[in-house]
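Chain residues, written in single-letter form:
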Amino acid sequence: MADIRNYTLNFGPQHPSAHGVLRMVLELDGEVVKRADPHIGLLHRATEKLAEHKTFLQAMPYMDRLDYVSMMCNEHAYVLATEKLLGIEVPVRAQYIRVMFDEITRLLNHLLWLGAHGLDIGAMTIFLYTFREREDLMDIYEAVSGARLHAAYYRPGGVYRDLPDSMPQYETAKMKVHNAKQVEGMNANRQGSMLDFIEDFTQRFPACVDDYETLLTDNRIWKQRTVGIGVVTPERALALGLTGPMLRGSGLAWDLRKKQPYEVYDRVDFDIPVGVNGDCYDRYLVRMEEMRQSNRIIKQCVDWLRGHPGPVITDNHKVVAPAREGMKQNMEELIHHFKLFTEGMHVPEGECYAAVEHPKGEFGIYMVSDGANKPYRLKIRAPGFSHLSAMDEIARGHMIADVVALMGTFDIVFGEIDR
Amino acid sequence: MKLETLKQNLQGVLADKVVKISGHAGQLTVEIRPENWLEAARTLRDHPELRFEQLTDLCGVDYSTYGDGRWQGLRFCAVTHLLSVSNNCRVRIKVFAGDDDFPVVDSVSEIWPGANWFEREAFDLYGIIFTGHPDLRRILSDYGFIGHPFRKDFPLSGNVEMRYDPEQRRVIYQPVSIAPRELTPRIVREENYGG
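Same order as they appear, the protein sequences are chains A and B.
Here the first sequence is numbered in the working numbering, starting from 12 and rising by one per residue.
Here the second sequence is numbered in the working numbering, starting from 42 and rising by one per residue.
This is chain A alone, in the form it adopts within the complex (with noise of 0.2 Å):
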């Protein structure tokens, strides 16, 4: 009788459905796994030590490179805890344009882990398509914040600055293409505000969805990679910490938005999808309905932003810095302004925890202030982390193939698991 053993196989870290950074250890029998252990760690940039030397405002644009794909809603849990230790309002407006960016987010989150998700497991041609939408939306980032990326938008208090009452333009000059004409039609979504192109975008975008769906729901080869892999049962799902599109797959209706409601999602009407076997096809299906629904979403902020201008920003100047004209006319908000950027603000003592329903799941800071201009301690919990550390259980008994099908569906981002 031949001596058989497990066979051990090195998954990453330089492996395109690695999703970065991930190094997986993998005991194999034959082609079934037998255990699987993610070392994880080598994207680990200490933000959380980092963010204990910079002051509150300057810790905030570290959120950003967290979950690296969905920027504004990581930044949106730490502006939330700031605020909830300064015991500071904020005005309705900032909230809306919150919740409006929150689903644009959630939106370029989805899209990026569809096509990623597509392209592990086969299916190429809906990268091109999803990628074709993430370019308007960060066409929006851009527009706001002035960065695609890391927009460091939400500020404690409110948000940065007021929505722009244009979009920028194509132009004939700097494009590849000279045609005038075309450039035209490129233009032809971006001549009113910027609300009038979202506008523009939730009209177009459900049937993007649908020709997502097209592709992929009814394809034999996508089911075939996805039912039944990777199940969760509602109980072992919340035992292992499992959050977002990962519960609400195996049939828990849990959404932080509907349970807790942050801002003004208690305003806004939305339903919540729910998956009923927790295997990757439903958490697909869940994530798919949660983009339409996202959708629904910023239609109604934008209606409501158009009619109810405002403040954006609390005119507390202990916290957020006084307006350029003032502080050139006004001692006291000079003497407000050199405070802010010199030593910053300084929340009281106290404790707190601040969680949002971030498009991988619940994304919370966990914030320790003794009262300093400086947070003595921040936590992040970060939805990947939870999930990935789920990976050797629901691997097991899986062929390796299928491992690759739960990372697309863990969503998994390194920035954020790493931190």
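Check before you lean on any hint, since a few could be wrong.
Estimated spans, in silico, between C-beta atoms of each pair [claimed, not checked]:
id: 1; chain 1: B; residue 1: Glu-76; chain 2: A; residue 2: Lys-329; range: 38 to 46 Å
id: 2; chain 1: A; residue 1: Lys-187; chain 2: B; residue 2: Asp-194; range: 51 to 59 Å
id: 3; chain 1: B; residue 1: Ser-198; chain 2: A; residue 2: Asp-176; range: 55 to 63 Å
id: 4; chain 1: B; residue 1: Leu-44; chain 2: A; residue 2: Gln-235; range: 43 to 51 Å
Just so you know, these hints were derived from the structure itself, not from any lab.
Don't be surprised by glycine CBs; every beta carbon is placed ideally from N, CA and C.
With chain A fixed as given, assemble chain B onto it according to the hints.
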């Protein structure tokens, strides 16, 4: 569930295992004695009035420089955030490790399997030992890393840096060459500073 009800339930069920319960910013913090932690955790999960099915987060905190030396208590704390999906409430549990030089806390990864990696992380970054943990390895720092990087006495820029050495033709570690600098000093102001 209302915060007051939750507080009463916690007080009633956990009784003498609790050091103190405090509320701040609409959230409850329960401090539990380290020797009772495992038992209390089981109660928190299984008791019909509490039912905290999910462990959201577990992290270490090093209180050694809190308030610029105002801190009198123990140095290391394991902070756990629990979520009850059935009662829609959260609670924060703090367990201080009894010995500052050798911090030990019971592992709850048996009770909430999701705690496994969080405890590994707290061990890696703060050196808190979780007894009963099935696989207490480093998780975020490098293989063979020395020290616990998130402790307050660990420098921000670390102790060693890594580079490729063309002579030895391999990656080597050497003492860090960058000097630490602080652009904005850390200040704790007195009460009612600036009105």
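Now for the hints, and whether the structure bears them out:
1. Distance hint check: the CB atoms of Glu-76 (chain B) and Lys-329 (chain A) are about 43 Å apart, consistent with the given range 38 to 46 Å.
2. Between Lys-187 (chain A) and Asp-194 (chain B) the CB atoms are about 56 Å apart, so this pair conforms to the stated range of 51 to 59 Å.
3. Taking 55 to 63 Å as the suggested C-beta distance range, the pair Ser-198 (chain B) and Asp-176 (chain A) does not conform, at roughly 45 Å.
4. Judged by the Cβ atoms, the range 43 to 51 Å given for Leu-44 (chain B) and Gln-235 (chain A) holds: they are separated by roughly 49 Å.
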